[in-house]
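Sequences listed follow chains A and B, in order. Mapping to this note's numbering: the first sequence position 45 is 45, numbers consecutive. Mapping to this note's numbering: the second sequence position 193 is 193, numbers consecutive.
No wet-lab data here; the hints were simulated from the structure. Where hints are given, some of them may not hold.
Said to hold, decoys possible - To give a feel for the contact side, a few chain A residues facing chain B, derived at Cβ under 10 angstroms:
1. A68
2. G115
3. I147
Keep in mind it's a predicted model, so treat the numbers as computed, not measured. Just so you know, even glycine gets a beta-carbon here, dropped at the ideal spot from N, CA and C.
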Amino acid sequence: MIEFIRILSIVAIPGFIIFVLGYGHIKKVNVYETFIEGAREGLATVVRVFPYMVAMFVAIGVFRESGAMDILVKILSPITNLLGIPGEILPLALMRPVSGMAATGILGEILKTYGPDSFLGRVASTLMGSTETTFYTLSIYFGAVGIKKIRYTLWGSLLSDVAGLFASIIICSIVFKS
Amino acid sequence: MVNAIWLFMIIIGFLVALFFGDLEATTQAALDGAKYAVELCVGLLGIYALWLGLMKVAEKSGLVEAISKKMRGVMGILFPGVPAGHPAMGAMTMNLIANMLGLGNAATPLGIKAMHELQGINKHKDTATHDMCMFLIINTSSVQLIPTTVIALRSAANSINPNEIIGTTLIATTCSTLIGIVAAKVFRRLYNDRIY
Chain A
1 MIEFIRILSI VAIPGFIIFV LGYGHIKKVN VYETFIEGAR EGLATVVRVF
51 PYMVAMFVAI GVFRESGAMD ILVKILSPIT NLLGIPGEIL PLALMRPVSG
101 MAATGILGEI LKTYGPDSFL GRVASTLMGS TETTFYTLSI YFGAVGIKKI
151 RYTLWGSLLS DVAGLFASII ICSIVFKS
Chain B
1 MVNAIWLFMI IIGFLVALFF GDLEATTQAA LDGAKYAVEL CVGLLGIYAL
51 WLGLMKVAEK SGLVEAISKK MRGVMGILFP GVPAGHPAMG AMTMNLIANM
101 LGLGNAATPL GIKAMHELQG INKHKDTATH DMCMFLIINT SSVQLIPTTV
151 IALRSAANSI NPNEIIGTTL IATTCSTLIG IVAAKVFRRL YNDRIY
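One chain only, chain B, in its complex shape (with noise of 0.2 angstroms):
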């Protein structure tokens, strides 16, 4: 699916600069995109390396599994495939703690730590579990409390009141999660394709 996607932005991409835009700028932009993965990953290395650090002091203190034991019925419910006192349930309940506190360079590298923990549990290496499709579709509806970013950008265009969004992105926000929480549950139903 990702694959088809891709290929369509670039082969529909260069297509239409080559008919209608500018063939020279939409190279560039292709190059550009290449030189900024580099300078994002040369970026995130340090804060990566930083979290992890950080994430493997609370684990090793029993923090992580302090906190997902005062979560573990709402993650048991998400997450039934993953047993109880499993790292993972750990790593996804760290995870989605620094993405609602916004905290989205701590919550990638935490995120994939789950990622890894699930697949250890995963029976087919190339295929996502339901656990990992509904711990996917959590992160990707977004779980933040305090758009920071979106408020930061509207003190900048001079708003009267930048936070005023708060409240109607809270509201947004939980019926965008629980939307993707009801449509995983139901497609976890039509695609009993294998047993897990």
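Okay, chain A solo, but in the shape it has when bound (with noise of 0.2 angstroms):
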């Protein structure tokens, strides 16, 4: 099963290309042309995203530096232990919607300190693959195609967060506990 895993992991991709670029062919479509065709649009995505990538960056790299995480992290410690969220896990949840790559540095720590194969260790990497970048998906997404008033999407998926966080304490609990 691992190894199986494993090897599909490897040959996603080039079995992707392989089976579009084949399937285009015997549906007599030039697939070189259209590829060209395609990935021009690849420049104008990336020159459209770009400001808020800056914006993200920016916003992020100052909370998190400032310390002003680590303070959010505190204030919010009591009402987390109350609902049984280990405090070790909690900068990492915080984190997890805001920025992806923090959010892997702070699992390395994790993984580092208390062991990849330690209970925290095991929730925290099952948290980290339960959710996405919130922030940075919803700010790339609308902002490509102008969108202001993004309604309830936020608060959909912060609840959809949180469940993923519950969820992930649970379940370690139970398939890791007995």
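Join the two chains, each given in its own frame, into one complex according to the hints.
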């Protein structure tokens, strides 16, 4: 099973490319010309997304480096303790929706400090994979098409992030703590 | 909303740095953030072009349509505002598939393409449609089947069994996605401010 997954992740991209181009060729599409046509949109897409990336990375950099993130974790810790969320996980849970890169760094630290096979290491690993970088995705996707009023998207996303956090803790407790 | 959070992060960040932290280092972090955005964009240029090129081939050959047809039932329930054969359905389907396979770099340009298609049938150009909200909530809740980054990190940290979290992650991400979908469907009713 593990070997199968490893092979799958290695062949997924080349397999996908071969399949798409092969299918296109069989269906008598000029794959080269068509590829160029599509690839041309790459530049425009990046240009559109660029200012949103600057805005996001600057804000995240300031919020993290200043220590504001640590303060927020301290303020929230009494509440999260009450809910049974391990305090060591909290920085990861808060950073996960904000920055994938920073969250990866925090997960790396947790794995190093507590060990990847500890309960905390397993919960943190599960949490990391259960949700996405909400703020980044929202600003890039909505920014690209000029949507300003995002209505309930943020609340729905954050609610699902919270659900992912609790699900991670509960499932790891059931699977790993027996 | 994003406006308020963005402002909050920057103002509070600098104020905290001014009184408790290292203002110079924080300023540097801001500049580094801007610089990193450029580096990332340059890095993404080629990858976006590659995936959008392949997507175009998949589109022209009818592959996207064939896959979309198979997913039509589920997609129709999730996105009732999009007509069945509309290109937005195809782009969203491909984005979600790329996400499931963990092809994050492929998923983003496909997702942006989907947003453009959705924007095409949007009557109020500055406001998100219900389908856009649903699409993004699903996207941000992660539907990745194999968390490759996490497994790599665990291997790097000398885990005895780096893959043991695949099962728990799958259950957790299913929970978060389901809650997201339910939340979007509930909010949709509460936000009945416009008819679309």
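The hints, checked one at a time:
no. : hint : result
1   : A68  : holds (4 angstroms)
2   : G115 : holds (7 angstroms)
3   : I147 : holds (5 angstroms)
Hint violations for this structure: none, all hints satisfied.
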